[in-house]
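Spelled out, the chains give:
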Amino acid sequence: MARIILIAIALAFMTIFLVFPLISVFAEALAAGVGAYFTAITDPNVANAIWLTIIIAAIAVPANLIFGICASWCIARFDFVGRNLLITLIDLPFSISPVIAGLLEVLLFGLNGLLGGWLSDHNIQIIFALPGMILATTFVTFPFVAREVIPLAQEQGNDEEEAAVTLGANGLQIFWRISLPKIRWGLFYGVLLCNARAMGEFGAVSVVSGKVFGETDTLSLAVESLYESYEIQAAFAVASLLAMLALVTLVLKAALEWWHRDELTAVRRKKTA
Amino acid sequence: MPTEILIDAVSRAFGTHTVLDDVTLTVHPGELLALLGPSGSGKTTLLRLIAGLDQPDAGRITIGQEDNTARKPKERGVGFVFQHYALFRHMTVFENIAFSLRIRKARQAEVQARVLELLSLIQLESLAGRYPAQLSGGQRQRVALARALASQPRVLLLDEPFGALDAVVRRDLRRWLRQLHEAQKITTIFVTHDQEEAFDLADRVVIMNGGKICQEGAPLEIYKNPETVFVHEFLGESNRIDCHVINGTAHANAGFPLGAADAPDGPAVAYIRPHHIVPAPSPRGPWSVTRIAATGAHARISLTRGPTTLDAAMTADALLDSALRPGQPVSLLFTGGTIFAPDGTHPAKLTALRPVLTET
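If you read the protein sequences in the order shown, they are chains A and B. Going by the working numbering, 121 is the number at position 121 of the first sequence; the sequence numbering is gapless. In the working numbering, each residue carries its 1-based index in the second sequence increased by 1000.
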């Protein structure tokens, strides 16, 4: 009985907070018909937002992927001064409001900021331009890969790398054949989450972008711009793109888990054993 | 031709903690050698130094007449089996064993042949496609061994090879490893803290404590002639009796003779193993049986005389024949033992205790 109640509560919660909003996004987006939907998402300004979002994610995600691998590598393998500080700093973007992160960047790179004078002297624009948006997104999505991979690498320890050394492998071979495959599931989840967040980021990017629709608006900023100019159906159409991104992410994750189910169950069993 | 290993005055410290202190050891070609000692005695560190996983602060390591001190692990020709096996979790059994061959860019046909050969050696042909997590402890152990053997090492190093296995699997694997050694004669060193394992498996045992070698020799030789109190105590249960030597006879301070001892007069410490104490029922015997515990093939008999307590041991069959019962008065015969100098003096060992045929 208790089990049925608990399942019912979980399902009700899911339905109210996830399923209904998701359905309503698509319902609103298609409210004026399929034609209007496609008009909305093929609008040049929206196309620009899609393009911008993809560029930002395409730079922020690999940057955090590389950083996550480096951080997990050195935190799991070496004991150095500042190791705990590094682990704490990685969490910083989680505990800081994205808006504050954006403001910090304005303070640093803005015209009246610390580096602003030097930057404008050299004709480099960061704030209210793509570089600032990339920086803000990278900062906000910074912990996603690292947080997935570091505990995994720590738990797995250094034994397999040492075994590979005795079997004749050099540093690069160990990295590509042992260390990287060992953490690849953590990396994969981290990258998926990082990508979803990078494409959906709003707060930090909205502060540094200047929000010029058609120029510095990403998808999530475009939703707001359209909504504020009372183009409700178009706003929902763009929102549906972001919702689809979330669905694709989920499907991709499930599909990969299914393809590699043998290995995955093996690894999990070892974990619990 | 099997390989010889020379360890010459090797020291290693981690920070201020000295783990190996001027250790010198020769491992004979084709030998199966056990490094035996309590945890923290430096035995695993020594093994890692031989493999090149760690560098000594001082001293030289020679493998097969070549100085290997500064060589990288892969240039040393050693196979290493880790305590927790360290199998590659994301690779199948086949790929685990094939790893060193793939690193050396061996041809596929060669890899296939060698791995199949090793799989048949470890009797796991049917599990080639499994992942390590799908294997039992004993199976993982054998895969780890096959992986270490794949590139035909000159030297095989095993760190606590049976530590994580249950008793039956442990015994089987021990026997199997011994057979493998008889067949291949690779110079092999294994680390263990289990005296029975070391004595059962090894040609020669090296006992370590506190980063130094205490004693080395054939198992029986060490067991019969422990040179220090530490070795004596480490090799099994013992009764410690404070005593003094007078005119070639050792007397317990509690006031009973122990046996003949060729040592100078003065204070000493006798160590007597339980099976060297033979109790016999005697109506006026000064000892009393307080407890008898049969643990299978052997039985332990606890004895008291005033404040002194001793443990004797005999086979269960002998116990049944002896008709000993708790509370019974008995006299004792000491049939062996070792006399050491009082704690902290050198040389530690004075003499063996020889029985005198008077019961006490």
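Hint data in this document are derived by calculation from the structure and do not stem from the laboratory. All of these numbers come straight from a predicted model, not from anything done at the bench. For every residue, glycine included, the Cβ atom is placed at its ideal position computed from N, Cα and C. Where hints are given, some of them may not hold.
Label-pair distances were calculated between CB atoms; the ranges are [to be verified]:
| no. | chain 1 | residue 1 | chain 2 | residue 2 | range |
| --- | --- | --- | --- | --- | --- |
| 1 | A | Pro62 | B | Asp1200 | 47 to 57 Å |
| 2 | B | Asp1200 | A | Ile66 | 26 to 36 Å |
| 3 | A | Trp118 | B | His1017 | 28 to 38 Å |
| 4 | A | Arg261 | B | Glu1221 | 49 to 59 Å |
| 5 | B | Asp1166 | A | Leu247 | 43 to 53 Å |
| 6 | B | Arg1300 | A | Leu6 | 20 to 30 Å |
| 7 | B | Asp1021 | A | Ile100 | 34 to 44 Å |
| 8 | B | Val1169 | A | Val19 | 26 to 36 Å |
| 9 | B | Val1169 | A | Ile16 | 33 to 43 Å |
Calculated Cβ distances over 10 Å to all of chain A for the following chain B residues [to be verified]:
| no. | residue |
| --- | --- |
| 10 | Leu1025 |
| 11 | Pro1073 |
| 12 | Phe1094 |
| 13 | Ser1100 |
| 14 | Ala1113 |
| 15 | Ala1148 |
| 16 | Gln1184 |
| 17 | Glu1237 |
| 18 | Ala1280 |
| 19 | Gly1285 |
| 20 | Pro1329 |
Derived, one-sided and incomplete: chain A residues facing chain B with beta-carbon distance under 7 Å [what the hints assert, rightly or not]:
| no. | residue |
| --- | --- |
| 21 | Ile41 |
| 22 | Asp43 |
| 23 | Glu160 |
| 24 | Thr166 |
Status of the hints after comparison with the structure:
no.	hint	in the structure
1	A:Pro62 / B:Asp1200: 47 to 57 Å	holds (56 Å)
2	B:Asp1200 / A:Ile66: 26 to 36 Å	violated (52 Å)
3	A:Trp118 / B:His1017: 28 to 38 Å	violated (51 Å)
4	A:Arg261 / B:Glu1221: 49 to 59 Å	holds (56 Å)
5	B:Asp1166 / A:Leu247: 43 to 53 Å	holds (49 Å)
6	B:Arg1300 / A:Leu6: 20 to 30 Å	violated (56 Å)
7	B:Asp1021 / A:Ile100: 34 to 44 Å	violated (56 Å)
8	B:Val1169 / A:Val19: 26 to 36 Å	violated (52 Å)
9	B:Val1169 / A:Ile16: 33 to 43 Å	violated (54 Å)
10	Leu1025	holds (20 Å)
11	Pro1073	violated (5 Å)
12	Phe1094	holds (14 Å)
13	Ser1100	violated (4 Å)
14	Ala1113	holds (18 Å)
15	Ala1148	violated (7 Å)
16	Gln1184	holds (18 Å)
17	Glu1237	holds (35 Å)
18	Ala1280	holds (53 Å)
19	Gly1285	holds (55 Å)
20	Pro1329	holds (55 Å)
21	Ile41	violated (41 Å)
22	Asp43	violated (46 Å)
23	Glu160	holds (5 Å)
24	Thr166	holds (4 Å)
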